[in-house]
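Engineer: Put chain B on the given structure of chain A with help from the hints.
Below, each chain spelled out in residue letters.
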Amino acid sequence: MLIFAGGHLLPGNVGRAMLGPFADPTAVEVLNHKMGTDRPVLVQYADWIAGFLTGDLGESYAYRAPVAPFLLTALANSAKLAAVAFVLVVPLGIFGGVVAALYRGRAADRILSVAGLSATVVPEFVSGIVLILIFGVWLRWFPISATWKEDAGPFTQLYHLILPSIPLVLILFGYIARMARAGMIEALDADYTRTAVLKGLSYPQVIWRHVLRNALLPTISVIATQTVYLIGGLVVIEILFHYQGIGSLIYTAAKKKDFPMLQAGVMAIGALFALTTLLADLLYARLNPRIRYGGRE
Amino acid sequence: MTDISARDHTWRDDLRRLFRSVTFDIGAVIVLFWVGCAIFGPSLVPHDPFADDLLNSLLPPSSDHWFGTDQLGRDVFSRVIVGARDILTVAPIATLLSTLLGTALGLTMGYFGGFIDEALSRLVDAVLALPTVIVALLALTALGTSTLTVLFVIAFSFAPIIARTVRSAVLTEVGLDYVAAAELRRENTFYILFVEILPNVLPPILVETTVRLGYAIFTVATLSFIGFGIQPPSPDWGLSISANYGMIGGGFWWTVLFDSLAIASLVVGINLVADGIESTLND
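Respectively, the protein sequence lines represent chains A and B. Quick note, the numbering used here runs 79 ahead of the 1-based positions in the first sequence. Quick note, the numbering used here runs 504 ahead of the 1-based positions in the second sequence.
Where hints are given, some of them may not hold.
As the list claims (entries may be wrong) - Which chain A residues stay away from chain B? Per the calculated CB distances, all over 12 Å, these: (1) Leu154; (2) Ser197; (3) Thr199; (4) Val205; (5) Phe234; (6) Arg273; (7) Val276; (8) Leu291; (9) Ala332.
Stated by the list, open to error - Covered stretches of chain B, going by a simulated chain A footprint (3 or more residues, C-beta under 8 Å): (10) 635-643; (11) 772-783.
Simulated from the structure, these hints should not be mistaken for laboratory data. Where a beta carbon is used, it is the ideal one built from N, C-alpha and C, also for glycine.
This is chain A alone, in the form it adopts within the complex:
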């Protein structure tokens, strides 16, 4: 039901966001571009949604070419960057949260919590600049631009993406670690953990088999909601590292007032958000023993 609500909510939301560009004096400029923009906004909206569903995203004003190929390349590039960030941050964040929970109230917990929170509030371009200075300019370990040569293999690509992904990792780490910690603490205090300890299971067994599985459920939904945030972060990171992804596509479109491109980009983000929410819900159901056992036995 939640997914359904989420799915229905998004088109309306993007529609409202689109209303801005059209309701404004800049619409006059848009009029010049042969488009039927003198029609009521709702009609255009319906038209455009129909186009979106059939894969016709219109033509870019700036490039005089269909939007769709640009969008697909950008999405693929951003997906690579996001994937590197997620692969790094999810295990790290969960590990950090678990350690903090196991040492609850002690120095390790405080340090992890405060450091995690602090990393979360530092803007990506700030940590990005500092990382570029240290690892790109002074130590020369990593390239300072994320763009690779045409024929670069997967390892070269990965090498270029490590530095840009770290600011995203820093931001997400705090959120994931905080949720993992809260989930762990709740599970550690639960009756079934007590039972497991009392029936004589060893400490690692209790943690692995009883605590972790229950503790990590809420973390999954947090990871899903953070994808929205991640895309906002991609705008900045892709500009800073000169990377051709969805973030820099939206940014360039906004700068050039290329509305079809801008709309397609924002709509893609909306769709992506709905999709990740759906995936998270499915994964949640898969991992939740209450639902799984109910289905099988």
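Structural biologist: Same frame as chain A, now just chain B:
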């Protein structure tokens, strides 16, 4: 947090414990330092932060220019100090606006419930579905770049988050006797919301506002960096980084490093203050 009347008596205790919290103290010192720079900076700095001196451009740090000079020969140290000014004006005003809007919205949602709550919750979800930076890009493209637009975009995107916090705090209050008593006395709704309930949900609002202030600075800095926020010739940190990071490969690190550290220290400072307040109120 359950016994409301007992809390009022411990207000002074709370404050004393707050000042004893190390995270709060460190955060407060950092924040006060930058507030001081924002207020008194222009009269204290050694050079005019706006004065071009093309003969002395891109000098590395020295005893005359502590943080070096930028492309136009302007003193980076003076610019970093005075750069606190714009962001520390825009971000707090935006936060205040979003707190006022969010609190009113949250009180209404929590108190009335039912259809009003349902409809407003949908609206809140809709706003939260898009990243703030994207909302800001759309709004600023449509309405043109101005500080006022930045202000309203932040207020508009943060209000739902505050509303959500206030709403859940209000939900635990509406069932309590004092609300029922006020209703039986036939107080008007406005009075019940703002005079009876509001004082009791202030602690979570205070925490949320402090946290939001950190994010408002995050957002203003980010928007300035991508050219949609504070505009030149302001010595704003995000703006300076945006103007200078292209030369980073040339080794001119001093033109961006100090601005970066300034932003990082300010947001971390505010965050430490928020953390201190939160743990004091939750103990």
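Engineer: The structure should be examined with respect to each hint, and the outcome stated for every one.
Structural biologist: So, going through the hints one by one against the coordinates:
1. Leu154: Its Cβ never comes within 12 Å of chain B, the nearest being 15 Å, so this holds.
2. Ser197: Given that some Cβ of chain B is not farther than 12 Å from that of Ser197(A), nearest at about 5 Å, it is violated.
3. Thr199: The assertion about Thr199(A) is violated, with a minimum of 8 Å to chain B.
4. Val205: Violated: least Cβ distance 5 Å, not greater than 12 Å.
5. Phe234: holds, 23 Å
6. Arg273: About 25 Å separates Arg273(A) from the closest Cβ of chain B, which puts it past 12 Å; holds.
7. Val276: holds, 27 Å
8. Leu291: At roughly 26 Å from the nearest Cβ of chain B, Leu291(A) sits farther out than 12 Å, so the non-interface label holds.
9. Ala332: violated, 8 Å
10. 635-643: holds (count 8)
11. 772-783: holds (count 5)
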